[in-house]
Each structure stands twice: as C-alpha cells, then as structure tokens.
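Knowing the structure of chain G, use the given hints to seat chain S on it.
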Amino acid sequence: MSMTCWETIQAYGLRSIGLGENLLPRSDFTLCQQFTLIGSGMLWNIYFGVLALVAGFFLANSIALAKGARNPLIRKPAEWYVFIFRGSPLFIQFFLAYEALVLLPNEFTLFGVEVGTSWTTRAWAGALLVLFLNTAAYSAEIFHGALKSIPRGDLEAAEAYGLAGWKKFIRIEWPTMLRLAWPAYTNEAIFLFHATTLVFFSGFPAFGQMGDALYYANYFADKTFNPFIPYPIVAFYFILLTLAVTFFYGRVNRHLNRHLPSNTRSRIRLRPQLIR
Amino acid sequence: MFEACADPRAIEGLTWAACYLTSGKHIDFYLSFLTVLLLLAITAPAALGMGFLGATAARSHIAPVSWLGKVYIWMVRGVPDIIFFLFFVIALDQVIEYAKSLAVCADHAWPWQGLEFRVCPEAKVPLARSSAFWHQAYGFMLAVVTFAIVFGAFVANVIFGAMNAVPRAQLETAEAYGMSRAQVFRRILMPQMWIYALPGLGNLWMILIKATPLLFLLGVKDIVFYARELGGSKTQAYEYPHGDWRLWYFLALMVFYLAFTHISEIGIARITRKLSHGQATAGGDALRRAGG
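Protein sequences appear in the order of chains G and S. So the first sequence is numbered by the working numbering: it starts at 1 and just counts up by one. So the second sequence is numbered by the working numbering: it starts at 1001 and just counts up by one.
It is possible that some hints are incorrect.
[What the hints assert, rightly or not] Label-pair restraints from in silico Cβ distances: (1) S:1128 <-> G:75: 58 to 66 Å; (2) G:5 <-> S:1169: 53 to 61 Å; (3) S:1031 <-> G:109: 43 to 51 Å; (4) S:1038 <-> G:165: 14 to 22 Å; (5) S:1067 <-> G:71: 48 to 56 Å; (6) S:1135 <-> G:26: 25 to 33 Å; (7) G:157 <-> S:1067: 42 to 50 Å; (8) S:1075 <-> G:108: 46 to 54 Å.
Simulated from the structure, these hints should not be mistaken for laboratory data. Each residue gets a CB set at the ideal place from its N, CA and C atoms; glycine is no exception.
Next up, chain G with everything else stripped away, as it sits in the complex (with noise of 0.2 Å):
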C-alpha cells in the first residue's frame, strides 16, 4: 500500500512531538517520506534554539555585566561560569548534565509538596537547560566585549548630559552594546541552532522515536545504506532556517542603527564557529 505525498504529510507531519502515524516507515522509502519526517524533526530543533535564545539573552546580560563588576565576589564566579561552558565541548555538557540529572532523587518534597524530577532528564528540558546555560555563556562573553569597547566619547556626552548611573546605563551603555554586539550575536544564535542537532546523539535519548531532523536523517541513513539522501535534505532545512535567523536579526540589526548615518553601520557578518 502506498500513500500519496499528502498522505504522508498528514501522516508523520507532526510525528516528531508523537501526533500521527506511530510507526516510522520501514521498507520502500519515498524521498516525500524523507523530506516530511525529516521537517518534521525541524520542530525539535526550532523549538531549542528559539527558548534557548531568548532565556539565554537576558542571563547573558546579567552575565556580562558580573563580568565587569568591580566587586571580585560578582567578578569570579561569571568569569568562571563563562570559562567552563567555553572550555569545554557542548557535547561533554550533555553527557555531564544527563548523568548528573539521573542521579536526582526521583521526587523530593518542596513546600510540602511532592516534586518529581524524571522530567528532567528528557530531552526538552534537561538538554534545553544544557543550552540555555551554554549559549549564556557565548553571549555574556560577547556582550562583555562590547560593553568595554563602547567609544568613550559616548560615555562622556552622556555624562555631559546629565545622566549617570542607571540611566546612563539604560540609556546609552546598553543599547550601544547591543548595537556593537549585534553582528557577533547573529553568529552567535545560527550557530546554537546548529548546536541543537547534538541533543540526540550525546546522552540525551529520544522517546518513541521523537526526535530531531538529523535524528530521522540518521534513521533513514542507517536503513537505507544510503547517506546521499537524508543528509542533503537536512542540510537544505538548515540551510533555510539559517537564512531565516539571519533575516530575522538582520532586521533587528537595523532597528538597533536606525540612528546612525548608512556608512558607520555595522554589517552583520558570518563567521564560521562549529562544535563548541
């Protein structure tokens, strides 16, 4: 029996997140069955690299500013927050983190309330901590280095201003900062949503062949014999979800250098960084 393409869409179109047919197909792969499954794995990968993104922006923000303090007590601890998640591979991060989360107590109580804590060592939450802290980490450092290359004429027009403080801060230091800080921070997010294909080949299993787009391009690869298929295919999704991120802050780029004259903006410009 065979389905028509859209059929096979409405089949294993949301397979990843366990709607639809249960069964992955086994024998006489159809290229629609790789494109929809495979797409369909793209949900994962969106949804990490999205939540990561925007739960990592404003810690690495906090981040990068401990960084700066003065004060060794807040100093320390972000330099070496942000040491120890660039030092290392992302991949030993998962390893570690999934090891450290199976060994929890199963429930605890809190507040007289029973909590359990296997949730956490699935793939959405343990493995979406894992990169959230870790894209922190390369932000913080990011924004750190803009925060102390804001041109101190700025700073002296403001204070000539009458601001200081908080509101020199939120005013000036910081949008400056997120200005300078723009172009290496759209690297920065094309490159974590790149890092999402990791969660299900580190420590991280996949339940009920739930899993990421490189996750079905490996299944496909491995019963077919066959990589020349699956992995363009996933390679064609990324390469239009790395378009659309670099859209995306692409128009956020020039909201933040709306004010500047067209020659003095900064230009978003990729560089390579893989494994982290």
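Only chain S this time, still in chain G's reference frame:
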C-alpha cells in the same frame, strides 16, 4: 599491574583505588587520550593544508577554480558541521568501496540496491578477515579525513579573509618593483597574512579541540567511549564492582578539556605577541612603544 592487585576483593581503600585505576581497561582509557592528541596532531596540519588550498583556489583568476574554492568555503556556513561528520564517514567509506569494487569485482552492479549497500567481499575495506586493529585504524583514518575536510573549509575561510586583509599598497609596491605574481604571493602575501589569520586560526584550534569528542559518534574508541564503558555500574561479576560512576568520568573529561583549552589560550597569546613584531597593527604599535 601490581602484585597486590591479584585479588581485588581482598584489598580496600587506597590500594583498591590504585589497583582499580591501573586496571587494563583503565590503561586503554589513558591511551585513548593519545588517540585524541594524535587526531589533533594529524588533523591540524591537514586542515591547514586543505584550507590553504581552498583559499588559494577561491582567489584564483580561473573562474571554475575560484567557484570551487568558494563553494567549499561556503558549504559549512549554513549547515551544522555534525551533519558533515555523519555524512562523510559513511559516504567516504561507500565511495572508496565502490571505487575498489570497479577494480576488483567481477560484476559491476550498482551497489545501492534496495535497503543495502552491496559490493563483492573482495571490495570491502578493510577486508572482513582483517584484524580488529585494521578496522579501528580504517575508522580512525576516515575520521581524520572527515575532520580535515570540514575544518579545512573553516581554515580556508579564515585564510581567505587574511589574504584580503594584507594592505593592498604593499602588494602593489611589490608589483612596482617588478615581482611576478608568484613572487608577490611568496615574498609579501604569505609572510604577512599570518598575523591577520592568527585570531581566526586560534579560535579554530579551540573549536577543533572541542570537536574531538565527536570521534565517539564516528565509531572510534575514544575517551568518551571509555568514560561511558568504565563509568557504567559494575555488578559483583566484575573484578571491581561499583555503582554508576559515569558522572565522575565525565567530570574528569571536562577538566581535561578545560585545562587543554586554557593552556592553548596562553600559547596562542604568546604566538600573537611574537608575530605582532614589526606589523602595522595596533598590537605591533603597542610592542614598538614598549620597546619590545
């Protein structure tokens, strides 16, 4: 290893720990760190070579060569590198076996048939009867080539940028002195581009270090493999029974990588200082002012 270790059940405390940490499997674990270092030692120069070729090709005046170089550089941009890793290891293997099958097999059937990749037994690389060592060595070789191809593209990108960063006036001056294209390349561009390439290359070196755990995904028995093996809980059937210690093994790997990247950072800073001598960059100016 030691005499006292003959009967692990009779010993305890420090002696037990000493015996445990020097068991045969643990020695294999320590040796697998050498596998990682070996991979780095082979891959770094190979990737540098690939990158240099790629960058030179991208600068070529012959359009198809330049396109080839640029496609090579850009291919790793939009696509997660781990896809290349998973892809190349199988694809290279199949291409090698297919090419060999054309030479040694009697029938030249298309090998991708249905749900299998089939070549005649004589075309298998390595042959099924080869020793386990050759299977390991072949897997390692595929991993090295894959790392070199992927990282070569990244290096090519850095070197391409660095070549363009050498001040145009210097090259024009050299041309005005009557140097040929090859001479300008060799005498002016090559010596000067390194200082511009160094920050990028240093960054890539750190990334390369952090990419080495992927050897595990490529099927090589590396440190991640042994950390999982040794750390997993061991029942009484084993010589050294213990609970699930994987967390501690991975912590040890983490410390290894942190130390490695930290030492590399210091080394890169030193090289940067050395190469900045006499360069028309902010770093070079600072050294001049300091009288260094």
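Going through the hints against the structure:
Residue 1128 (chain S) and residue 75 (chain G) have their C-beta atoms about 60 Å apart, which keeps the hinted 58 to 66 Å range intact. About 59 Å separates the C-beta atoms of residue 5 (chain G) and residue 1169 (chain S), a value consistent with the hinted range of 53 to 61 Å. Our hint of 43 to 51 Å for residue 1031 (chain S) and residue 109 (chain G) holds, since their Cβ atoms are close to 47 Å apart. Distance hint check: the CB atoms of residue 1038 (chain S) and residue 165 (chain G) are about 55 Å apart, inconsistent with the given range 14 to 22 Å.
Distance hint for residue 1067 (chain S) and residue 71 (chain G): a CB-CB separation of about 55 Å, consistent with the stated range 48 to 56 Å. In this structure, residue 1135 (chain S) and residue 26 (chain G) meet the distance hint of 25 to 33 Å, their C-beta atoms being roughly 29 Å apart. Separated by about 48 Å at the C-beta atoms, residue 157 (chain G) and residue 1067 (chain S) satisfy the suggested range of 42 to 50 Å. Between residue 1075 (chain S) and residue 108 (chain G), the C-beta spacing of about 49 Å keeps the proposed range 46 to 54 Å intact.
Hint check: a violation occurs at hint 4 only; the rest are consistent with the structure.
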